[in-house]
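A.B. asks: These are the residues of each chain, in order.
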Amino acid sequence: MSAVTTTKTARPGPWRRRARRLRAQWTTIVVLTVIWVLLWGDLSWANLIAGAVLGAVVVTVLPLPSVQTHGRLRPWPFLVLAGRFLVDLFAASFHVAWLALRPGRPPRSGIVGVCLASSSEVFLTITAEMTSLVPGSVVVEAHRSTRMLYLHVLDLAGAGGPDGVRETTLALEARVLRAFASDDELVRLGLATPGDRLVRSTARREGRA
Amino acid sequence: MTQADPGVWTTLADVVAAACLLLGAYFSLSAGVGVLRFGNLLARTHAVAKPQVLGLILLLIGVALRVRSWPTVTMLALVVAFQLLTSPVSAHMVGRAGVRTGKVDPADLEVDELGGDEAEPRRLPEEPTAPR
Chain A
10 MSAVTTTKTA RPGPWRRRAR RLRAQWTTIV VLTVIWVLLW GDLSWANLIA
60 GAVLGAVVVT VLPLPSVQTH GRLRPWPFLV LAGRFLVDLF AASFHVAWLA
110 LRPGRPPRSG IVGVCLASSS EVFLTITAEM TSLVPGSVVV EAHRSTRMLY
160 LHVLDLAGAG GPDGVRETTL ALEARVLRAF ASDDELVRLG LATPGDRLVR
210 STARREGRA
Chain B
11 MTQADPGVWT TLADVVAAAC LLLGAYFSLS AGVGVLRFGN LLARTHAVAK
61 PQVLGLILLL IGVALRVRSW PTVTMLALVV AFQLLTSPVS AHMVGRAGVR
111 TGKVDPADLE VDELGGDEAE PRRLPEEPTA PR
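Chain order of the listed sequences is A and B.
Going by the numbering used here, 93 is the number at position 84 of the first sequence; the sequence numbering is gapless.
Going by the numbering used here, 80 is the number at position 70 of the second sequence; the sequence numbering is gapless.
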């Protein structure tokens, strides 16, 4: 996630501003360097330096707009999210494969609107991406200003009707938020109470840091 | 360690690789059949978005277990990561373009809650309310 953060201005300015942007986007450069080394499949100084230089050039020439994130990674909810994602990916793939191969007509499908809980761009994106891969749905439209996702559901009856789809998607979003969102947001959305284990454990970690 | 150990692990890796390759081939085949058999644009994007991704992942796991060299494994991991990131976006773009240009027949849909609501409204949302 941190790869797409940072950078305040995309305006070309004096060298000092470019230097500041390079410093602000060092995580992106590190990620790009890692990808470069992985692509060459060989960890050597030449590859490391070439990757870092290319990363700096990419960040300078193709700057990305800033993305607002106020969140942190919670390890255990993240594992829950990832594990559930893998299980669901298998289940959804078997389901769609069966629908494709079985004799007879394909099931009736429909477009269902889901109003998400969080209005954050980042969590909307993560939820939308995971929704397309996991339950029997593909995102058709996403409206950030009204927090609406419009999903096309292949097997509407099998997914429990429009209300079943809404329930599944909101549960997925709740898992995403528990894994990445900030404490304030969790409490505000009613996913955790201030004294909750989820929130307290991160507060303790903050206190230590 | 006895002499037989590496052989056992090699055989085990080969068996798992074979299973992954077969399962991956099954998913990829079903994705292709789905693209042919599903009746409309949006249903076809499902075949591309789900069994195809898992099929590719399983095939690459099979290849990685069979090749057993770190440079290859890391490169295949990159392929999987980018596939997971880009496949939903491409399915979304195809579906959205189809709906916006009227290529989706309402008769194919049991429910259509989007119903002419394609453009994003300009008004700002009210304060978020707690879900459920």
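Check before you lean on any hint, since a few could be wrong.
Listed below are several chain A residues computed to face chain B (Cβ distance under 10 Å; list not exhaustive) [stated by the list, open to error]:
| hint | residue |
| --- | --- |
| 1 | I44 |
| 2 | L47 |
| 3 | A109 |
| 4 | P115 |
| 5 | R117 |
| 6 | T140 |
| 7 | P171 |
These are computed hints drawn from the structure, not numbers from a lab.
We treat Cβ as the ideally placed atom computed from N, Cα and C, and that holds for glycine.
A.B. asks: Let's test the interface hint: is any C-beta of chain B closer than 10 Å to that of T140(A)?
C.D. replies: 8 Å, holds
A.B. asks: Do the numbers back the hint for A109(A), that is, is its least Cβ distance to chain B under 10 Å?
C.D. replies: For A109(A), the interface hint holds, since the closest Cβ of chain B sits about 3 Å away, which is under 10 Å.
A.B. asks: Have a go at the P115(A) hint: is there a Cβ in chain B nearer than 10 Å to its own Cβ?
C.D. replies: 5 Å, holds
A.B. asks: Double-check I44(A) for me: the hint is only fine if its C-beta lies closer than 10 Å to a C-beta in chain B.
C.D. replies: Interface hint status for I44(A): holds (7 Å vs cutoff 10 Å).
A.B. asks: Restraint: R117(A) near chain B, CB-CB cut 10 Å. Satisfied or not?
C.D. replies: 4 Å, holds
A.B. asks: Under 10 Å, Cβ to Cβ, is where L47(A) needs to be relative to chain B, so tell me if that hint holds or is violated.
C.D. replies: 4 Å, holds
A.B. asks: Can you verify the interface hint for P171(A): is its Cβ closer than 10 Å to any Cβ in chain B?
C.D. replies: 6 Å, holds
The structure is consistent with each of the numbered hints, conforming to all of them.
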